[in-house]
Amino acid sequence: MATLHVLSHSPFTDSRLSSCLRVLGPDDGVLLCGDAAYALGTGTVAQALRTKSTGLSVYVLDEDAKARGIALPEWAQSVDYAGFVALSVHYDKVNTWL
Amino acid sequence: MAKSLLIISRQAPWAGPDAREALDIALAGGAFDLPVAMLFMDDGVLQLAPVQNATLLQQKDLTANLQALSMFGVEDLFACRFSLNERGMQATGFSVDPLEVLDDAQIAALIDRYDQVITI
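Taken in order, these protein sequences are the chains called A and B.
The working numbering numbers the first residue of the first sequence as 3 and each following residue consecutively.
The working numbering numbers the first residue of the second sequence as 106 and each following residue consecutively.
Misleading hints may appear alongside valid ones.
[Said to hold, decoys possible] Some but not every residue of chain A turned toward chain B, in silico, with C-beta under 7 Å: (1) M3; (2) S21; (3) G27; (4) K54.
[Stated by the list, open to error] The following label-pair restraints were derived from C-beta to C-beta distances: (5) T44/A with Q211/B: 41 to 47 Å; (6) A120/B with T56/A: 33 to 39 Å; (7) A196/B with T44/A: 48 to 54 Å.
[Unchecked claim] Examples of chain A residues toward chain B, derived with CB under 10 Å: (8) G31; (9) S55; (10) R70; (11) L74; (12) E76; (13) W77.
No lab work stands behind these hints, which were simulated from the structure alone.
Fair warning: this is a prediction, and the values are worked out from it, not measured in the lab.
Glycine included, C-beta positions come from ideal geometry on N, C-alpha and C.
Here chain B stands alone, though its shape is the one from the complex (with noise of 0.2 Å):
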């Protein structure tokens, strides 16, 4: 039984590479059916903002990649509610469904019933 792995994802989309580097870890376990969960919090969760306009700053856009997921196997995925609260984001209309959003107990429930979990 291959481990379980739930990749959490805490950075915005433009500060750097980190955010696209958890998603190809997403997406790279996903190809080796490896059961694979993502959860965004903190700045990760401005991932999820349905409009971007990633062009203007020369880069590729992220929500390719985040639509790639299902694809790849990866279904569960996951926001956390205090991180979109503090940003004054709503609770639907993510740029990726569907997405289960979380309060902090579900989330400490969450890490506890996976096998390895990578924080990036």
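Same shape as in the complex, but just chain A (with noise of 0.2 Å):
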């Protein structure tokens, strides 16, 4: 049962991404979207996210990413709402970090 996990909270002003990262599971996918996607970035964070991306896909939403200048590094990919929507159908269910 793989679980997409959707973020859209910057990583920076709470633990909602440090604590999905804990708690993945081997076959989990993850979403950014809104301030989530400067998860991306070059800091610490994304060197998290980087190094638990062996095995886990990680998406961010193209329109969130892009209005943020943030360019898409090799071990993400992006995704439209259409996208979205397939990814919310493809995983078994998906847990929305509120």
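Relying on the hints, combine the two individually framed chains into one complex.
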């Protein structure tokens, strides 16, 4: 039962992303939208995500990354809203970190 | 077969309505006989502190709601060991009992096991 974890808060103001990374299952995916897209930057948070990204699927909502001027690293994939829906259906469940 | 529901509560008790709303979802699910479990992680573990004085903040005590969970059939209660350690909380003496303390790998397995997950 693979889970898609959806995050939309900046990883620098709270512990959602770090907590999520601690409890990921082997087949889970992470979708970053809104300010969570800042996690793809070049700082230590991005390094933690990148280290974890081996075997983990990391997605970012394309317009949220572009709007923030964030370049897409090679270890992440960008999706549009249709892709967001497709991912939601593809995974067994969606866990949105409200 | 009703879908099983895991509620992950990760807000402190007086940080806003979130802690209470997570509990309300659990109690409502329990009232309808859904298979519901609750996991307390991050600041959510602070809800489990045995001594709290909500009336000083003109608020209602959440502890009564926590203790109502078992009456509503919500008996699968879990807490995150990492979050407890971060906050210097002992892994015993919580306001709800029984409560199982889980490490990260066990939490991953827990999330995997439930049909639906709500994180508040």
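Could you tell me which of the hints above the structure violates, numbers in ascending order?
Of the numbered hints given earlier, those the structure breaks are 4, 5, 7, 8, 9, 10, 11, 12, 13, listed in rising order.
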